[in-house]
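Generate the whole structure from the sequences, applying the supplied hints.
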Amino acid sequence: MLIEKSVLESKRQIGEKIFQIKLRSPKIATVAKPGQFCNIKVSESDFPLLRRPFSISNVDGDSIFFVFDIHGEGTEILSQKEKGNVLDILGPLGNGFDISGDFTTAIFAAGGLGSAPFPFLAKVLGNKEIISFVGARNSSLVLQDDIPNPQIATDDGTLGYKGNVVELLSNYIVKHNLKEFRIFSCGPNPMLKALQKYSIENNFDCQISVECAMACGFGICQGCPIEASNGDGYRLVCKDGPVFNAKDVKL
Amino acid sequence: MLIEKSVLESKRQIGEKIFQIKLRSPKIATVAKPGQFCNIKVSESDFPLLRRPFSISNVDGDSIFFVFDIHGEGTEILSQKEKGNVLDILGPLGNGFDISGDFTTAIFAAGGLGSAPFPFLAKVLGNKEIISFVGARNSSLVLQDDIPNPQIATDDGTLGYKGNVVELLSNYIVKHNLKEFRIFSCGPNPMLKALQKYSIENNFDCQISVECAMACGFGICQGCPIEASNGDGYRLVCKDGPVFNAKDVKL
Amino acid sequence: MNSIDLSTTIGSLKLKNPVLLASGTVGYGNEIAQLTDISKLGGIVTKSLSLKPRNGNPPQRIVETPSGMLNAIGLANVGVEEFVKEKIPFLKELDTAIICNIAASSIEEYVECVKILTCIETINAFEINVSCPNVKEGGLIFGNDLSSVARITEQVRAVTNKPIIIKLSPNVPNISEFASVVKNEGGDAVSAINTLVGSSFDIYTRKPKIKNITGGLSGPAIKPIAIAKVLEIKRNVDIPIIGIGGIMNWKDAAEFMIVGASAVQVGTANFINPNTGNEIVDGLIEFCDRQRIQKLTELIGSYKI
Amino acid sequence: MNSIDLSTTIGSLKLKNPVLLASGTVGYGNEIAQLTDISKLGGIVTKSLSLKPRNGNPPQRIVETPSGMLNAIGLANVGVEEFVKEKIPFLKELDTAIICNIAASSIEEYVECVKILTCIETINAFEINVSCPNVKEGGLIFGNDLSSVARITEQVRAVTNKPIIIKLSPNVPNISEFASVVKNEGGDAVSAINTLVGSSFDIYTRKPKIKNITGGLSGPAIKPIAIAKVLEIKRNVDIPIIGIGGIMNWKDAAEFMIVGASAVQVGTANFINPNTGNEIVDGLIEFCDRQRIQKLTELIGSYKI
Ligand SMILES: Cc1cc2nc3c(=O)[nH]c(=O)nc-3n(C[C@H](O)[C@H](O)[C@H](O)COP(=O)(O)OP(=O)(O)OC[C@H]3O[C@@H](n4cnc5c(N)ncnc54)[C@H](O)[C@@H]3O)c2cc1C
Ligand SMILES: Cc1cc2nc3c(=O)[nH]c(=O)nc-3n(C[C@H](O)[C@H](O)[C@H](O)COP(=O)(O)OP(=O)(O)OC[C@H]3O[C@@H](n4cnc5c(N)ncnc54)[C@H](O)[C@@H]3O)c2cc1C
Ligand SMILES: Cc1cc2nc3c(=O)[nH]c(=O)nc-3n(C[C@H](O)[C@H](O)[C@H](O)COP(=O)(O)O)c2cc1C
Ligand SMILES: Cc1cc2nc3c(=O)[nH]c(=O)nc-3n(C[C@H](O)[C@H](O)[C@H](O)COP(=O)(O)O)c2cc1C
Ligand code: FES
Ligand code: FES
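Chains as they are written, first to last, in my numbering: chain V, 30 to 280; chain D, 30 to 280; chain P, -5 to 299; chain Y, -5 to 299.
Be aware that one or more of the hints could be misleading.
If you anchor each label on the Cβ, the simulated ranges turn out as follows [what the hints assert, rightly or not]:
hint, chain 1, residue 1, chain 2, residue 2, range
1, V, K208, Y, C113, 54 to 62 Å
2, D, N274, V, E73, 27 to 35 Å
3, Y, L140, D, H100, 40 to 48 Å
Don't read these hints as lab results, they were simulated from the structure.
For clarity, every value in this text was computed on a predicted model and none was experimentally measured.
Just so you know, even glycine gets a beta-carbon here, dropped at the ideal spot from N, CA and C.
Structure below.
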């Protein structure tokens, strides 16, 4: 965990309001793990006040990648940065995906911008078998770059399966009689909820990466609670998460 | 007085932290008078909150010019605007210089950024005889572009007369035995104060353009008072000024 | 779209829509009329009037702060007599509600002002400013004191039949008790909020940036405080509320209505975009349209907690 | 440059410099220690402790506002016992003043906490939080009430010899009266200010953005209010003041000292730049150097009005 002034090396518009940026952050790049995030200061002034959290999408040598969409004022400002601009990045933050232990197949389940962390996870998983399920509202919002074996679902059926990622995934698991897999998922809350229910019911090994409002991103404000399933109060999304075992938290 | 979305046509750096910008503002250009100013929104967000006031430096066809230096956050943002950016401009505001009535010679007295309004005034005065006195702290801060017959004074003597504009001007008036002139002045408060004292003592016809903090710029907030010399309360710099007869206000 | 009913009422005062421009941020209407269509608004609240003219405070009167500004205008105004002579003729021609704001240094002065002005037909309601932070006499000495607010409401009520709106101070921990007192003494509505007391110093000269030392904080910075105050009143007292504080756009206006405001006032935003009020009206119409809201008043106090 | 004396005192508490990190914005020091050098600071104030652990409020607990943020953490904390066991060992190693902040739902609980903790050597002073806006019991019921603040100060004073700092609520019109009561009851200093009550609603769901409905407003937005409160105390009561509210850089810190603060606390800024405190120390040194100030304490209350 450190603060690194990072030069923007390139910016690519990859969707109507979706961008990928590449930053030179050698120190963060060295220690980052898939599923971790960074808290980015989008302006030099005190406006907007808080940093904005984004998943590390990939790491390549000294560079780290982020993928984001224009959501409000902060991401709007971020989208206007140009090559050569310097951004103040705090990271890597959070626990990241747990890739230890035994599993033969990694199943990625991504909804919308939830695709962001998977290129990095795929890279680190190396030769492990990966099957990905990528969902979005429509075809133009599907983010499948650098995601292995993507099966697509769109709400409106404009690309791939018409319906949601969780249906697509569960059909697939049944059809291919998959075993010894671990599900890694990231996406909007309703999707994670459905997936959580499904994987708990089936006793599947499932990790979910969750989002919530954050102030600090590193455990000092207590602003990002998520309820523990065991009734023992709250966990902090920024520090104890953002990745949780689906069984451990209430969404 | 109107609001015009104006495209930035060009930006020129004319000093270390000094810029000249040219904006396409046909409506304001048509009605503007020398000595008036515009209140510029430097960003699209609510930060910084208030507009920033700048003298109209010149008008050329449908375009208006401003000259400004980087002072704080607002002018910093303004200096980063690029050709093609659109600025939201409220103007023209204030009364402007009074050029009616009889005078043979126009004397310009400008200190620092106070040079800003004089190119426009010179243009409108046309063939009238003009002598200008331009002062600054040092040579690199002297703004004399498009200012007729400039006599220079610098505090440190790095260009022209070593000393202040008012000394230079008064020496000149005595030496050349000038008569039937009107002084038009704009600059920092200490300079205007000295000039005011000098012209009142000599019973010279002198107009001063003053600056002060402003919220609205058009008379609705009462935020920009200047004390009237006659004891009758305050005038508003934005509406009754920014140009006053040196006799009429207390600096 | 035209079928959406934007009208709202503040006691017996009917407004064609809930968007008003706040006192002290619109003068007497004439300057801003060059930059926006006043007749499209629900109404305007004129600069605080006192019985006699006031010069206001010496400069510097304003300073910008993060997402806000401090002002210590000191109630500069033309006084009741000149107001009637010079300003009413212009206001009379406007097709919008005219709310006359009164500030005074004594209870007698409030009463005297309202007594004189109540016969002016052009004035549709009075807003009584008991909460100006920038004057030595009156102001917060009244606004932060329950019994003063009670007496002012009661005595002003006695001399006019026009709607009386009391503009409350946010500088208290219990604004709803003030609203309650206003209701009990026959006030028709409350405005919330006026500015918060603030200050700012220059670290090099060590002098206050505004000559009056303290000023009133307004603008987006105070919106969360204003929202909490309006909600507090709404949850505790049954009286119409006019929501004020940091409203920059229609979303802010809608937020105030949701927490309980029957109308809203736009203040500081007028200085930056004098057309804000009109844009809010348009934005609220579109919002209602998208949300299938027939009567804008449905929004009032419709929060879900 | 090294000859500049930055030290300051808060009652009998000596600080190597006036820059503290505020309660609730630095946890118990361990996380932020990875991002800044705590030993360079005057001190840190630990997250409010209650006798028993508290889970805090359900999410959402925070929301950004213009130049500020609302929080309703609800005093989530590990409780006195675990604090002593788990947190003190880390704090003990720090070469900086440790101020232990206490929040409670009853006067007895305040007393009990301080009684237990007063024997912990690592704790250099207590800051008593009587002004948390985000809990049902205690909090502002105490902080906005003069006699409660008096009784808490008096009774806490009775059980410890360590410096007692009372952290005041800004949600009152007369903060200097609270400071006066603290002084009379033997408190060593006051901290001003805690957050202001605010709220924010989503216009589409019509629900409050933070689950607790209201939260505490912090950040640059409140700085002008905090400056006015510190000045009010300074002009009326002779008691050391710790200035808090929207401090983002050394200029803000200097401004607070000029209006009367003997030390300052950095809160929200830690979330954005956890090194803010250190940068303020450096900035103050340079400022003193340029201004030929030998002892930083010369700044305290040096305003010119
Ligand atoms: C751990 C984590 C990882 C994330 N990774 C990505 C990513 O890789 N790509 C991406 O596009 N987005 C990601 N997000 C969401 C992203 O942080 C928000 O879209 C962004 O903060 C919106 O800022 P804004 O100023 O544009 O929006 P505004 O709506 O103006 O923001 C206002 C406030 O709300 C907060 N906020 C708004 N939306 C969210 C949200 N969905 N989650 C958390 N806070 C929010 C902002 O941080 C800010 O404080 C992530 C969020 C978290 C918590
Ligand atoms: C009628 C008029 C004409 C002006 N013409 C010019 C011009 O042609 N060229 C030029 O460079 N400057 C001009 N100025 C000054 C210019 O407005 C300020 O330099 C500018 O507002 C500073 O903004 P900032 O955000 O960079 O500085 P900040 O210091 O960050 O501004 C903070 C606040 O103080 C106000 N402020 C700061 N300095 C001044 C000042 N000197 N006068 C008034 N308000 C100030 C700002 O408007 C803002 O509200 C003029 C001012 C007035 C009133
Ligand atoms: C420059 C200025 C002058 C004001 N003058 C008055 C006034 O004369 N009477 C009054 O009742 N309120 C006055 N106010 C307060 C506003 O009407 C309003 O209550 C306050 O500014 C909060 O709203 P805002 O955040 O939208 O500005 C003034 C506010 C400003 C900024
Ligand atoms: C997330 C958060 C949590 C806080 N928790 C506490 C707390 O537990 N006890 C306390 O006394 N103050 C608490 N505060 C208040 C701060 O200590 C400080 O008084 C306030 O935030 C104003 O300072 P700032 O504007 O620099 O943040 C908290 C503030 C924030 C933003
Ligand atoms: S965001 Fe601050 S503790 Fe998690
Ligand atoms: S700046 Fe508003 S009246 Fe002059």
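*Which of the listed hints are broken here?*
Of the numbered hints, just 2 does not hold.
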